[in-house]
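Engineer: Read off the chains here:
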Amino acid sequence: MGFENFGTVSFTAEAKVADFVTYLEQGKVMTTRCKNCGAKYFPPQMDCPRCLGTEAEWFELKGGAKLITYTTVQYGPSGFEDDAPYTLVIVDFADGLRTFGRLSRDIKESDIKIGMELKVAPVKQANDRISYEFQKA
Amino acid sequence: MEGIKDKVAVVGMGCTQFGELWDKNHRDLMVDAAYEAFEDAGLEPKDIQMAWYGSRESGFTGTQLASALKLEYIPISRVENFCAGGTDTFRNACYGVASGVCDIALAIGVEKCKDHFGGFNMDILEPFDRSMTEWDGPPVNQFAQLATRYMYHYGWKYEDLKRIFAMIDVKNHHNGTMSPKAQFHREITIEQAINAPIISYPLGLFDACGVSDGSAAAIVTTPEIAKSLKKDYMLVKALALTNGAGQAVLQPEYDFLHFPEAVAAAAQAYKEAGITNPRQEIDCAEVHDCFAITELITYEDLGFSPRGKASEDVEAGSFTLEGDLPVNTDGGLKCFGHPLSASGLRMIYEIYHQLQGKAGPRQLKKADMGLVHNIGGICGFFNCAIAILGKPE
Numbered sequence: 000m001g002f003e004n005f006g007t008v009s010f011t012a013e014a015k016v017a018d019f020v021t022y023l024e025q026g027k028v029m030t031t032r033c034k035n036c037g038a039k040y041f042p043p044q045m046d047c048p049r050c051l052g053t054e055a056e057w058f059e060l061k062g063g064a065k066l067i068t069y070t071t072v073q074y075g076p077s078g079f080e081d082d083a084p085y086t087l088v089i090v091d092f093a094d095g096l097r098t099f100g101r102l103s104r105d106i107k108e109s110d111i112k113i114g115m116e117l118k119v120a121p122v123k124q125a126n127d128r129i130s131y132e133f134q135k136a
Numbered sequence: 000m001e002g003i004k005d006k007v008a009v010v011g012m013g014c015t016q017f018g019e020l021w022d023k024n025h026r027d028l029m030v031d032a033a034y035e036a037f038e039d040a041g042l043e044p045k046d047i048q049m050a051w052y053g054s055r056e057s058g059f060t061g062t063q064l065a066s067a068l069k070l071e072y073i074p075i076s077r078v079e080n081f082c083a084g085g086t087d088t089f090r091n092a093c094y095g096v097a098s099g100v101c102d103i104a105l106a107i108g109v110e111k112c113k114d115h116f117g118g119f120n121m122d123i124l125e126p127f128d129r130s131m132t133e134w135d136g137p138p139v140n141q142f143a144q145l146a147t148r149y150m151y152h153y154g155w156k157y158e159d160l161k162r163i164f165a166m167i168d169v170k171n172h173h174n175g176t177m178s179p180k181a182q183f184h185r186e187i188t189i190e191q192a193i194n195a196p197i198i199s200y201p202l203g204l205f206d207a208c209g210v211s212d213g214s215a216a217a218i219v220t221t222p223e224i225a226k227s228l229k230k231d232y233m234l235v236k237a238l239a240l241t242n243g244a245g246q247a248v249l250q251p252e253y254d255f256l257h258f259p260e261a262v263a264a265a266a267q268a269y270k271e272a273g274i275t276n277p278r279q280e281i282d283c284a285e286v287h288d289c290f291a292i293t294e295l296i297t298y299e300d301l302g303f304s305p306r307g308k309a310s311e312d313v314e315a316g317s318f319t320l321e322g323d324l325p326v327n328t329d330g331g332l333k334c335f336g337h338p339l340s341a342s343g344l345r346m347i348y349e350i351y352h353q354l355q356g357k358a359g360p361r362q363l364k365k366a367d368m369g370l371v372h373n374i375g376g377i378c379g380f381f382n383c384a385i386a387i388l389g390k391p392e
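Keeping their order, the protein sequence lines are chains A and B. Heads up: the first sequence begins at 0 in numbering that gives the first Met the number 0, then just goes up one per residue. Heads up: the second sequence begins at 0 in numbering that gives the first Met the number 0, then just goes up one per residue.
No lab work stands behind these hints, which were simulated from the structure alone. Where a beta carbon is used, it is the ideal one built from N, C-alpha and C, also for glycine. Treat the hints with care, as some may be off.
Unchecked claim - Quick list of simulated restraints, FRET-style, between CB atoms:
no., chain 1, residue 1, chain 2, residue 2, range
1, A, Asp94, B, Gly316, 42 to 48 Å
2, A, Leu51, B, Lys230, 52 to 58 Å
3, A, Asp105, B, Arg185, 37 to 43 Å
4, A, Asp105, B, Glu19, 37 to 43 Å
5, B, Tyr72, A, Glu54, 19 to 25 Å
6, B, Trp21, A, Asp81, 26 to 32 Å
7, B, Asp5, A, Arg128, 55 to 61 Å
Said to hold, decoys possible - Each computed DSSO-like pair below joins lysine-lysine, with the alpha-carbon atoms no more than 27 Å apart:
no., chain 1, residue 1, chain 2, residue 2
8, A, Lys112, B, Lys156
9, B, Lys308, A, Lys112
10, A, Lys39, A, Lys107
11, A, Lys65, B, Lys156
Could you put together the complete structure from these sequences and hints?
Structural biologist: In structure tokens:
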């Protein structure tokens with residue numbers, strides 16, 4: 000399977016990193032490391048923008064991530080209207096990996112602090128769709 | 000390498016009403032903008048030898064412009080460069096004249112943002128489509144994240160940064176009251192701006208520009224032909240364009256406090272124009288105020304304010320019509336809305352009129368050199384276009 004069932008809106012079904020969703024279904028957030036230069040990416044990327052390598056291997060994304068910045072969206076764009084409000088975050092993992100995602104709804108807006116420790120986890124959405132989110136570490 | 004300085008002149012400009020123009024299509028808007036420019040230049044459609052047509056949302060290929068103006072069998076290229084599209088369209092037309100392949104060229108930008116794709120077409124997925132991981136972040140969400148980080152980095156309290164945003168919003172709305180072609184013409188108060196509903200924390204309703212339809216056009220030619228057409232033509236002093244080659248938020252080096260593409264474009268432009276102290280040498284600027292945070296950071300990126308200190312200049316009123324470097328004298332994107340490829344040319348239209356002394360109630364006492372700045376894209380790979388115009392010696 001591919002990305003048909005991913006997120007609130009999936010923009011396409013096919014992707015080189017389709018296994019990402021399969022792993023999510025298995026309860027794991029997996030991402031890629033470039034086999035050539037070792038650069039890590041999340042979201043996963045099969046092609047490396049740093050060394051232009053085209054082979055990557057999967058590893059499980061674990062460990063703490065630190066909140067860099069965020070915004071709480073009060074009006075969602077087309078397809079996301081019913082999701083709002085939700086919080087989008089930019090986080091840095093300890094090994095220098097930077098990424099984005101949504102913050103768990105379990106964290107109140109007043110409790111969000113830049114620098115707070117987070118972890119990533121798969122999350123089931125409405126209509127049996129799947130995604131990932133950042134939760135309190 | 001020789002630059003563009005003093006090689007190209009602007010002899011005609013036009014701009015439509017910006018707003019919700021349900022009764023006009025993009026061709027109607029181009030006719031209105033172009034014919035104002037023809038009248039201003041004392042030229043006719045048959046005088047146009049080459050044209051550049053800027054559009055992201057509203058029609059493909061140069062034939063859109065050819066059919067609207069009946070420009071038969073001349074070369075017309077369509078330019079798309081997101082929010083920088085208008086200024087880039089102008090840049091292409093100027094390069095056409097400077098190269099000598101044509102003497103008189105038209106640059107026109109148009110968008111019908113209100114009734115295409117149900118509003119702002121959000122299909123910015125790169126570089127995320129490599130993985131197809133969800134990215135539900137329209138511009139307001141992207142720029143809001145810069146605002147949050149700016150607040151944290153410089154130790155601002157939410158209330159205090161919102162007050163600075165509000166001062167920028169109030170300034171632009173005030174200027175917009177004197178711009179008949181703007182989408183919004185109402186004064187707002189600091190309290191209104193601060194207390195407005197949040198769109199994407201910490202940006203509220205008045206911290207965001209409008210969405211509108213509109214078109215603007217420029218006719219450019221050689222300085223020699225310009226002299227034969229009119230006295231108050233303006234010279235192009237610099238044209239810069241940068242495109243970020245980064246990997247957006249996947250790039251851990253990015254600080255969410257500046258736009259590296261704007262810093263690089265400003266350096267290119269100032270070098271070409273021979274400007275060493277922009278705060279002193281530039282008299283007025285039209286900057287890309289898609290959101291209040293964008294205008295605030297842009298003051299720093301363009302070297303108008305020291306890094307991290309733009310708020311002090313905002314508090315001092317430096318960028319108001321009475322300040323030492325008025326910014327967005329026509330009300331900016333805030334009051335005109337942002338029909339992507341039309342905005343840059345609309346901004347050049349304002350600078351052109353300020354330099355000519357024809358900006359009506361918004362007219363500045365001193366306006367010899369003016370700058371236009373557009374930025375578009377996603378954090379980590381923005382693009383930025385800058386144009387500088389000046390009076391002939």
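Engineer: If you check the beta carbons of Leu51(A) and Lys230(B), does the distance land in 52 to 58 Å?
Structural biologist: holds (55 Å)
Engineer: For the pair supplied as a hint, Lys308(B) and Lys112(A), confirm whether the alpha-carbon distance does not exceed 27 Å.
Structural biologist: holds (24 Å)
Engineer: Is the straight-line distance between the alpha-carbon of Lys112(A) and that of Lys156(B) 27 Å or less?
Structural biologist: holds (13 Å)
Engineer: Taking 19 to 25 Å as the stated bounds, is the beta-carbon spacing between Tyr72(B) and Glu54(A) within them?
Structural biologist: The hint (19 to 25 Å, Cβ to Cβ) is violated, given that Tyr72(B) and Glu54(A) are roughly 51 Å apart.
Engineer: Taking 27 Å as the top limit, are the C-alpha atoms of Lys39(A) and Lys107(A) close enough?
Structural biologist: violated (30 Å)
Engineer: Cβ-Cβ distance between Asp105(A) and Arg185(B): within 37 to 43 Å?
Structural biologist: holds (41 Å)
Engineer: Assuming the hint says 42 to 48 Å, is it satisfied by the Cβ distance from Asp94(A) to Gly316(B) or not?
Structural biologist: holds (47 Å)
Engineer: When you take the CB atoms of Trp21(B) and Asp81(A), is the distance between them in 26 to 32 Å?
Structural biologist: holds (28 Å)
Engineer: Within 55 to 61 Å or not, the Cβ separation of Asp5(B) and Arg128(A)?
Structural biologist: Check passed, 59 Å falls within 55 to 61 Å.
Engineer: Lys65(A) and Lys156(B): Cα distance at most 27 Å?
Structural biologist: holds (21 Å)
Engineer: Go ahead and decide if the range 37 to 43 Å is satisfied by the Cβ distance of Asp105(A) to Glu19(B).
Structural biologist: About 41 Å separates the Cβ atoms of Asp105(A) and Glu19(B), which means 37 to 43 Å holds.
Comparing the model with each earlier hint shows violations of hints 5, 10; every other hint is respected.
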